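Can you make the complete structure from the sequences, with help from the hints?
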Amino acid sequence: MVGGDHVNSLKDKRIAIAADRRASELGALIENFGGTPVYTAIQGERQLHDNRILEDVRILLERDFEWVVLTTGIGVRALEEAARKEGMYGAFIEKMKTTNIAVRGKKTQARLKEIQLRADVVSEDGTMKGVVQQLEIESGTAFFQAYNVDDEAWRETFEKSFKSVYLSTPYEYKRPSEVVRDKLKRKILNAEVQAVLLTSKNQVRNLFEEEASHAELITSLNNEVKAIATGKVTAQELENFGVRKVLFPENQKMGAMVVETARYFEASNDKGEREHARQTGGGNGATRSDEQSIQ
Numbered sequence: 078m079v080g081g082d083h084v085n086s087l088k089d090k091r092i093a094i095a096a097d098r099r100a101s102e103l104g105a106l107i108e109n110f111g112g113t114p115v116y117t118a119i120q121g122e123r124q125l126h127d128n129r130i131l132e133d134v135r136i137l138l139e140r141d142f143e144w145v146v147l148t149t150g151i152g153v154r155a156l157e158e159a160a161r162k163e164g165m166y167g168a169f170i171e172k173m174k175t176t177n178i179a180v181r182g183k184k185t186q187a188r189l190k191e192i193q194l195r196a197d198v199v200s201e202d203g204t205m206k207g208v209v210q211q212l213e214i215e216s217g218t219a220f221f222q223a224y225n226v227d228d229e230a231w232r233e234t235f236e237k238s239f240k241s242v243y244l245s246t247p248y249e250y251k252r253p254s255e256v257v258r259d260k261l262k263r264k265i266l267n268a269e270v271q272a273v274l275l276t277s278k279n280q281v282r283n284l285f286e287e288e289a290s291h292a293e294l295i296t297s298l299n300n301e302v303k304a305i306a307t308g309k310v311t312a313q314e315l316e317n318f319g320v321r322k323v324l325f326p327e328n329q330k331m332g333a334m335v336v337e338t339a340r341y342f343e344a345s346n347d348k349g350e351r352e353h354a355r356q357t358g359g360g361n362g363a364t365r366s367d368e369q370s371i372q
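Residue 78 is where the sequence shown starts when you use my numbering, and the numbers rise one by one after that.
Errors might be hidden in some of the hints.
The calculated EDC-like cross-link candidates involving lysine to aspartate or glutamate, where the alpha carbons are at most 20 Å apart (straight line), are [said to hold, decoys possible]: (1) 88 / 269; (2) 206 / 191; (3) 184 / 213; (4) 240 / 228; (5) 183 / 327; (6) 237 / 215; (7) 278 / 316; (8) 184 / 97; (9) 278 / 288; (10) 278 / 236; (11) 240 / 202; (12) 172 / 191; (13) 174 / 228; (14) 278 / 202; (15) 278 / 139.
Derived CB-CB ranges, DEER-like [what the hints assert, rightly or not]: (16) 255 / 214: 41 to 47 Å; (17) 318 / 174: 38 to 44 Å; (18) 201 / 296: 32 to 38 Å; (19) 257 / 138: 36 to 42 Å; (20) 301 / 227: 26 to 32 Å; (21) 227 / 101: 27 to 33 Å; (22) 163 / 88: 50 to 56 Å; (23) 135 / 292: 47 to 53 Å; (24) 138 / 240: 16 to 22 Å; (25) 143 / 170: 17 to 23 Å; (26) 192 / 141: 20 to 26 Å; (27) 139 / 257: 40 to 46 Å.
These are calculated hints, taken from the structure and not from any lab test.
Since the structure is predicted, the reported quantities are computational estimates derived from the model, not experimental observations.
Each residue gets a CB set at the ideal place from its N, CA and C atoms; glycine is no exception.
Here it is as structure tokens:
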């Protein structure tokens with residue numbers, strides 16, 4: 078049964094949801110724990126680069142690459158569907174089978190499995206840093222699929238190992254309007270919500286888009302509104318902006334994030350944060366949650 082021993086642990090709690098993907102599912106989970114979801118999506122609109130994707134597929138098929146580095150399930154799907162549309166799907170699958178594949182996260186790995194492909198390297202912690210560390214001793218050429226968040230910076234990092242890196246950006250996220258961003262900011266600054274759930278670096282950057290409000294946002298997130306991330310990557314981005322004690326689950330999934338939120342408030346309400354840390358293991362990395370500085 079969803080909720081289990083933590084039923085009503087979010088009673089009287091308003092939880093902001095910064096994601097748009099699966100927001101209704103997150104909201105339903107929050108309600109199962111007795112809370113009230115507040116929908117404030119700031120991910121931005123995803124836009125596919127149709128012509129660029131076709132060019133990327135052609136280059137992938139025509140050139141020799143020692144490695145294909147894939148960072149998102151959406152990117153894999155976009156390349157796959159473009160190949161199918163142009164009648165190159167068979168060639169695309171065959172090329173992927175004969176090329177070393179490195180992936181960043183579980184969603185990317187899951188998408189590969191759906192099309193009967195297997196990754197040779199998987200980041201252990203779901204971060205790009207984890208991919209880079211495993212490919213440091215490699216050389217040759219690489220096809221690097223990313224999107225418009227730190228794509229050029231990561232390409233430069235890969236170029237320290239590979240003699241050439243082709244950057245494929247099948248899609249990007251357009252920044253949401255100021256009105257959309259301000260809705261969430263206002264709720265955080267006025268403590269109209271008790272927590273905010275963030276599921277991507279993009280959401281964090283959109284939240285902190287206006288530098289003038291940084292100090293106030295950080296103060297509120299460190300004192301009144303709990304910042305909760307879906308995983309280490311998003312948590313690290315929050316910390317980069319100065320948010321301390323970001324909560325995130327060991328099992329980096331959206332549902333687990335809500336469960337951890339319920340645990341946090343239950344312990345916070347009944348026994349205090351110290352008891353919550355004791356119950357969940359506290360500490361670093363491989364624990365149920367991590368409220369320490371992220372390395």
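A quick look at each hint next to the structure:
1. 88 / 269: Judged against 20 Å, a Cα distance of about 15 Å means the pair holds.
2. 206 / 191: Not satisfied, since the Cα-Cα distance of roughly 25 Å exceeds 20 Å.
3. 184 / 213: Roughly 23 Å between the alpha carbons, so the hint for residue 184 and residue 213 is violated.
4. 240 / 228: holds, 17 Å
5. 183 / 327: Judged against 20 Å, a Cα distance of about 13 Å means the pair holds.
6. 237 / 215: Holds. Residue 237 to residue 215 sits at ~10 Å (cutoff 20 Å).
7. 278 / 316: holds, 11 Å
8. 184 / 97: holds, 17 Å
9. 278 / 288: Holds, at roughly 17 Å.
10. 278 / 236: Distance of about 23 Å is beyond 20 Å: violated.
11. 240 / 202: violated, 26 Å
12. 172 / 191: holds, 16 Å
13. 174 / 228: violated, 25 Å
14. 278 / 202: Holds, at roughly 15 Å.
15. 278 / 139: With a Cα-Cα distance of about 33 Å, the restraint between residue 278 and residue 139 is violated, given a limit of 20 Å.
16. 255 / 214: 41 to 47 Å: For residue 255 and residue 214 the Cβ distance comes to about 46 Å; the hint holds.
17. 318 / 174: 38 to 44 Å: The hint (38 to 44 Å, Cβ to Cβ) holds, given that residue 318 and residue 174 are roughly 41 Å apart.
18. 201 / 296: 32 to 38 Å: holds, 34 Å
19. 257 / 138: 36 to 42 Å: holds, 39 Å
20. 301 / 227: 26 to 32 Å: Check passed, 30 Å falls within 26 to 32 Å.
21. 227 / 101: 27 to 33 Å: holds, 29 Å
22. 163 / 88: 50 to 56 Å: At 54 Å between Cβs, range holds.
23. 135 / 292: 47 to 53 Å: holds, 48 Å
24. 138 / 240: 16 to 22 Å: For residue 240 against residue 138, whose Cβ atoms are near 20 Å apart, the range 16 to 22 Å holds.
25. 143 / 170: 17 to 23 Å: For residue 170 against residue 143, whose Cβ atoms are near 18 Å apart, the range 17 to 23 Å holds.
26. 192 / 141: 20 to 26 Å: With Cβ atoms ~22 Å apart, the hint holds.
27. 139 / 257: 40 to 46 Å: Cβ of residue 139 to Cβ of residue 257: about 41 Å, so the range 40 to 46 Å holds.
Consistency with the previously given hints fails for numbers 2, 3, 10, 11, 13 and 15, ordered from lowest to highest.
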